[in-house]
Amino acid sequence: MRLETHPILEVKRPEPFTFFFQGQELLAYPGETIASALFAHGIRVFGRHHKDGAPQGIFCANGQCAQCLVLADGRPVKACMTLVRPGMQIAPLDGLPQPPPSPAQLVLGEIEEIEVEVLVIGGGPAGMSAAVELGKLGIKTLLVDDKHRLGGKLLLQTHRFFGSQEAVFAGTRGIVIAEKLASEVRAQKSVEVWLNSPALAVFSDKKVGVLKEGRRYVLVRPKILLVATGARERSLLFPGNTLPGVYGAGAFQTLVNRDLVRAGHRLFVVGGGNVGLIAAYHALQAGIEVVGLCEALPECTGYKVHKDKLLRLGVPIYTSHTVLAAHGHDHVEGITIVQVDEKFQPLPGTEKTFACDTILIAVGLDPVDEFYRKAREFGIPAFACGDAQEIAEASAAIFTGRIAGRKAAQVLGYRVEVPAEWERTAEILKSKPGKVHALPTPPALPVFPVIHCAQEIPCDPCASVCPLGLIQVDPTDIRKPPRFSGARQCSGCGRCVAFCPGLAISLVDFRRDPANPTVSVPWEFGPDKLQPGEKVLGVDWEGKALGEAEVQGMAQVPGADHTWLVRLKVPRDWAVQVAGIRLRVREKAGVPVASLPIPEEAVVCRCERVRASEIRALIRQGVRDLNEIKAVTRAGMGACGGKTCRNLILRLLREEGVPPEEITDFVTRPLFLEVPLGIFAGMEEP
Amino acid sequence: MTHDVVVIGAGSVGTPAAFYLAREGLKVLVIDRLPSPGQGSNKAAIGGVRATHSDPAKIRLGLRTIEILSKFPEEFGYDVEWRPGGYVFVAYRPEEEKTLRELVALQRSFGLNIRWCDADELLRVVPDLNPQGLRGGTYSPGDGHCSPLLLCHAYYELAKKEGVVFRFGEGVVGIEVRAGRVQAVRTTKGLYPTKVVLNAAGAWATHVGKLLGVDHPVYPDCHEAGITEPVAHFLDPMIVDIRPGPGSANCYFHQVATGQVAFCITPEPPILGEDRRETSVFLPQVARRIIQVVPRLAGIRVRRTWRGLYPMTPDGLPLVGWVEGVSGYLVAIGLCGQGVMLGPALGELLARVVMGKRQPGDQIILENLSPNRSFQTQEVLR
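Chains L and B, in that order, give the protein sequences.
Per this note's numbering: the first sequence = residues 1 to 686.
Per this note's numbering: the second sequence = residues 1001 to 1382.
If we strip away everything but chain L, and leave its shape as in the complex, we get (with noise of 0.2 Å):
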């Protein structure tokens, strides 16, 4: 259940050791978390919980919920968060844990105070561009991040970037990218970071509390806090929906491209924006089947290059879609979803069910503000940068964190500016999909580029890498689709179809053979796929069939960084259209079975197992404030802290028709996450 190989990324594993489930002797890898080395070998189920008796898994796999608690030699630990070291000895938390037994001696500590210029909090593509920029300065700068590795969700994104090429390395993978980024912060000399270091509560006497290298509590006091932490992924209500196997995406890319462990075989994803169309595709990549993905909209929201590469390689997209329910005993068997009309009603008799070991929910994306809320709230000057400021591409993100630095710097008295051109381009990054184009018609020459890429979206690496510059994207506003002028002869060298991040142009030559012409299209699944003679099926844009096409090679273009070109003999008719290919028709994935029984009913609280009929029933009596059904149904008084519910209890009242005047929030209390009281009182953890 480990990938042993993977189209992208490199697979090197150091010499693994062993670990024990239950008694039971398994191998790891250095690195691993609990989750993974447990998911590889297929161990999914990972406790039960002590109210009802529901199975437990992974559900964010990003430290948020308290999903994933197992017992780590005899302690309750947050399986996505812990690696699994030698020897350790995991079992099941089945109902609720033993309280540790009291340490061998009382070692109390004093609590280590430190004050610095600016706290990062986030090494994700924001937290480390504002660090870059304030370490630029000489600024004493702090950076703590909750994992184990800088990069924070770039480390999940094996896909190409897109935006502008000279200012976020557009056309380059997210992986890379965060290679980069965490070479620049370890540069700056005034920078520190540590890792595995989880900001855990910002304090009305303007300190961050903060578990030091998940050992240690240190209190830490900035002039600026600079929050950069991301968002958290939002979740639906639908019965079956905390069945194991039913992830966030986010969740499963951590999984599956991060710790390199094949997080299920039949894979079905609900939302058709981009978090949801690029998990598919790196579901795929991962040699994952993608039975199907649908979207409650009447299109996806996501950019149609991401839509077309899914269509191209025959996932069925379900548009005006929802999901129904999850199946299964104690985890996930299969998915039923259900047209809905304009107003998002299920269809009646318009149900599907398909068989599937795993779901996601892909259904948007909530910045994670707490920290930078409470700085706010408590007078401590403080910047939102990223996803913790506003929900957009990673791209955007590194430009906002570029600006809060800056914008740090200049609260400290730093002479700097913030370039005008950086706020326009964060601006045009963060924008939406827009309007689609015609697609230009192609030109009468022996050579040129096709682009199958008619929607306005932030993007211009084809325009950068043109050697003969025959590319042109609007350089004021890099959203307008691309156009290929022609005025020169095109050399057909095929790096535009290497480096377009949508994989959406297509390189036609004429040269050789006039009546079949020799077509190059963009590869992602490495080169020992395709077989030179291998007759596959040629699809236009969208994925429809155009007919066969003969696999004459496979190219690469210097520095395409495992992109590669599939050279196909087309006949002429529709050389044009072809804008990738399918390996083989899949039947399988998109046929409906029987249907299955509908489980139990959703569940809002996970933490607390709290199911929607209990809160609807509260908010048909009237009530209006999220604190007193924490106090009644204790929704929200579980170990996440209401991150998981709030949204889906707000969800219910809005379909019960209450205005959004009339709603008392949450009030948001410390601790961000739970730490061991003996943490607290100077103890370190072993």
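Don't read these hints as lab results, they were simulated from the structure.
Keep in mind that the hints are not guaranteed to be accurate.
Partial chain L-side listing against chain B, Cβ under 8 Å, derived [said to hold, decoys possible]:
(1) Asp205
(2) Lys207
(3) Thr664
(4) Leu671
(5) Glu674
Some, not all, of what chain L presents toward chain B, calculated at C-beta under 7 Å [said to hold, decoys possible]:
(6) Gly109
(7) Leu219
(8) Leu618
(9) Ile619
(10) Gly622
(11) Asp625
(12) Gly678
Each residue gets a CB set at the ideal place from its N, CA and C atoms; glycine is no exception.
Given the coordinates of chain L, assemble chain B onto it according to the supplied hints.
This is chain B only, laid out in the frame that chain L set:
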């Protein structure tokens, strides 16, 4: 429409009082500036309920509350997570041993079920107590704890069933008085004629008093509390350590019915005022203290912390009864952080006061807690 009683405050005191008043057939309206019941200090309480006080009035109220709570599901049909786990006051120094031993004698003279246990005996009650330096402590098995949230909400539901009307999100801006008698309560949203006003506004009681020109000696004092993740049951009683420590006068903690350990300290010097924003001081301070009493707590994870207000009075005793000078103005304020443990019994008592149905035992309570008293003594054990 005229009400018999307008209660100001839907918290630990006002909510049960409204229920018991309505059960007497009175028309009761409850006004609270917050959006739902128990959103002031009730939800900040950790739920300890004891009769082991040192003042006879509080002892009587405490005993009665325990009686009410132990029969709550049978009588009212609500589970308020009452657990009779007892209270243990620990002594690690001769000073506390002396104080507690003297107190036991006094408390036993009031008929309380409390005894002094030596270290070995106490360790049998709480095996996880730090044995190092333990001299012993008091154990009162009749005390216990409940969920403040569920208790307040149960009374809220019960009161509604008795016809009590609750108005949330309304601040009281005036109390109309004519010829020395209360006439009506004016809020941000309306005017409510009434014969009686019950001030049960907790930490905000002085604001209500000022509307009548009465200066109640109630001073909000901010305490911070926390709660851990739930763990399997390992601790029965509430543990109280009255040793002073750096920045704190005492600490106390217990394991609640749902498995979490709730803990609290009393800051010393007191943090006066209504500021309830979290500070970095609390966790290191409290963790150090409670781990030294029960070292096993060290490995249990803290989930949440919060601050709440203790409406303190000069002598540590509540103010309960009719206020001289304004006819129809009743108070049940200055509960000094003991609204949950005294509220149910107080509610019954207030109903008797309004109805003029006093019982023999009520006299000493109303005398000791009179809002018109001189505040010259100090309670030994707060």
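Structure-based check of each hint:
The closest approach between the C-beta of aspartate 205 (chain L) and any C-beta of chain B is roughly 5 Å, which is under the 8 Å cut-off, so the hint is satisfied. Annotation: lysine 207 (chain L) was flagged as interfacial toward chain B, and the flag holds, the nearest CB pair being 4 Å apart, inside 8 Å. Taken as an interface hint, threonine 664 (chain L) checks out: its beta carbon lies about 4 Å from the nearest beta carbon of chain B, inside 8 Å. Among the interface hints, the one on leucine 671 (chain L) holds; its C-beta lies about 6 Å from the nearest C-beta in chain B, closer than the 8 Å criterion.
The restraint placing glutamate 674 (chain L) at the interface with chain B holds, with a minimum CB-CB distance near 4 Å, inside the 8 Å limit. For glycine 109 (chain L), the interface hint is violated, the least distance from its beta-carbon to any beta-carbon of chain B being 10 Å, above 7 Å. Interface hint at leucine 219 (chain L): satisfied, since its Cβ lies 5 Å from the closest Cβ of chain B, which is below the 7 Å cut-off. Evaluation of the leucine 618 (chain L) hint against chain B yields a violated restraint, the C-beta minimum of about 10 Å exceeding 7 Å.
With a least beta-carbon distance of about 13 Å to chain B, the hint placing isoleucine 619 (chain L) at the interface is violated under the 7 Å criterion. Checking glycine 622 (chain L) against chain B: minimum C-beta separation of about 10 Å lies over 7 Å; hint violated. Among the interface hints, the one on aspartate 625 (chain L) holds; its C-beta lies about 4 Å from the nearest C-beta in chain B, closer than the 7 Å criterion. The interface hint given for glycine 678 (chain L) is met, as the beta carbon of that residue sits about 3 Å from the closest beta carbon of chain B, less than 7 Å.
Hint check: violations occur at hints 6, 8, 9 and 10; the rest are consistent with the structure.
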